[in-house]
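All chains should be modelled from the sequences, with the hints used to inform the complete structure.
Take a look at the letters that make up each chain.
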Amino acid sequence: MSSKQSKGLTLTAFSILASLFSIGIIALLAYIFLSRYLEVHLFVNEVTVERNSINLANVLISHEDLAYVKDGVIQRGVLDAEKLEHLDPRMLNIGYPNSLMIVKILDLEKCKAQESELNCDGWFFALNGPVSIQGLSVVKFADCLFNNIDDDFWGKSFRFYLGHILGGPLIGTIASLWQPHDLVKCVHNTIPSGVVGVFNTNPMIFRGLPILIRYDNGDLHVGRIIVGVVEFI
Amino acid sequence: MKGFGIFSFLLIAIIAEATIILFFTIPVFLFKYHLTINLKVQYDYNEGETAVLSLLRLPYQDQEAYKIFSEWPIRYYNDENAKKFLKEKINITSLSKCYKLFNSTDVILKSGNCDPKEVLAEAYIFVPYNPKSLVEKYVLVYDR
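First to last, the protein sequences are chains A and B. Going by our numbering, 156 is the number at position 156 of the first sequence; the sequence numbering is gapless. Going by our numbering, 138 is the number at position 138 of the second sequence; the sequence numbering is gapless.
In short, the hints are calculated from the structure, not lab data. A virtual CB, placed ideally from N, CA and C, is assigned to each residue, including glycine. Hints are supplied without guarantee of correctness; some may be wrong.
Claimed, not checked - Restricting the straight-line Cα-Cα distance to at most 16 angstroms, the calculated cross-link-like pairs of lysine to aspartate or glutamate (EDC-like) are:
1) B:K87 / A:E46
2) B:K83 / B:E71
3) B:K117 / B:E88
4) B:K100 / B:E122
5) B:K110 / B:E64
6) B:K40 / A:E46
7) B:K89 / A:D219
8) A:K70 / B:E64
9) B:K32 / A:E46
10) A:K110 / B:E88
11) B:K32 / A:E39
12) B:K89 / A:E109
Claimed, not checked - If you anchor each label on the Cβ, the simulated ranges turn out as follows:
13) B:H34 / A:S35: 16 to 22 angstroms
14) B:K83 / A:I32: 55 to 61 angstroms
15) B:E118 / A:L17: 50 to 56 angstroms
16) A:S35 / B:T36: 17 to 23 angstroms
Here it is in structure tokens:
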């Protein structure tokens, strides 16, 4: 092979490498932008929703329409069973914008063990905030969820999945508020295209916050308040 | 020399691509870690605080459980019923099987052979019969 031929081959190889490198860099930047940027964007929204659910739980345990009032002083963290029984969630006037909030209050001292599950008595209600997204009906979405989720979940008695219940203390994790198959159907049927729902799905948050429930006869039971938030953006 | 040129180019290309990946990946990882840890701290603080608040308000012998802590060194130190009550209520309040309750001088309750670290909740209790200080800090630590 002559030196002229070698030089031509070297230059060609160099050009090919340079072109591949340029294509690689462009592809890498596009991949990073599409994957990482969207991932971070979604993650930030999820964390905001998780934080909103903690904040809302704190507001609710101090709300005069839910909490026990003794001598004119609101007892933070002590919910009044009588008030819960007759609660009209619309009167609370609490809610994040474009969001649906589901509140579950469980009495951990009124549970019945059934096979591997524990059913605890409690209360459930939904709150929705002001809506500014055109075509979005949080009420429709909530109705869809209500109609599709089984009665045990929404009824007076709630499933409370625990790891070690029989013959031992109440230790474990609380079931997720959201049922994936129902969510997909309800989002598809009731939420306009282009609107994204961000749910709090953190198992840690689904443990809720410890509370006390005060009954009419003065009994105080240990319970948990669990707040699920879905925000539409 | 030509071979050296290509080798140098490849080296620069590898360094450039690695730099771009690290430049995007490390900040994203750190940012996510930062957000996750902040959320965990916020939740742990709220859960611990409400757990202790609930524990102190529970009724024990026609009084609030606060009194057990307030009079712990002089009255409840050897009271097995009080200890049993606290054990049951901490179990259900914290939903934990690994916990430790202590103040500056005593370990009041400790479960099993574990060393809880996850959730830390503090309560400052009025201790009228304590000659050293009128306020004692009680700490409840538990793991989920």
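Structure-based check of each hint:
| no. | hint | verdict |
| --- | --- | --- |
| 1 | B:K87 / A:E46 | violated (36 angstroms) |
| 2 | B:K83 / B:E71 | holds (13 angstroms) |
| 3 | B:K117 / B:E88 | violated (20 angstroms) |
| 4 | B:K100 / B:E122 | holds (12 angstroms) |
| 5 | B:K110 / B:E64 | violated (22 angstroms) |
| 6 | B:K40 / A:E46 | holds (13 angstroms) |
| 7 | B:K89 / A:D219 | holds (14 angstroms) |
| 8 | A:K70 / B:E64 | holds (14 angstroms) |
| 9 | B:K32 / A:E46 | holds (11 angstroms) |
| 10 | A:K110 / B:E88 | holds (15 angstroms) |
| 11 | B:K32 / A:E39 | holds (10 angstroms) |
| 12 | B:K89 / A:E109 | holds (10 angstroms) |
| 13 | B:H34 / A:S35: 16 to 22 angstroms | holds (19 angstroms) |
| 14 | B:K83 / A:I32: 55 to 61 angstroms | holds (57 angstroms) |
| 15 | B:E118 / A:L17: 50 to 56 angstroms | holds (52 angstroms) |
| 16 | A:S35 / B:T36: 17 to 23 angstroms | holds (19 angstroms) |
Of the numbered hints given earlier, the model fails hints 1, 3, 5; all others are met.
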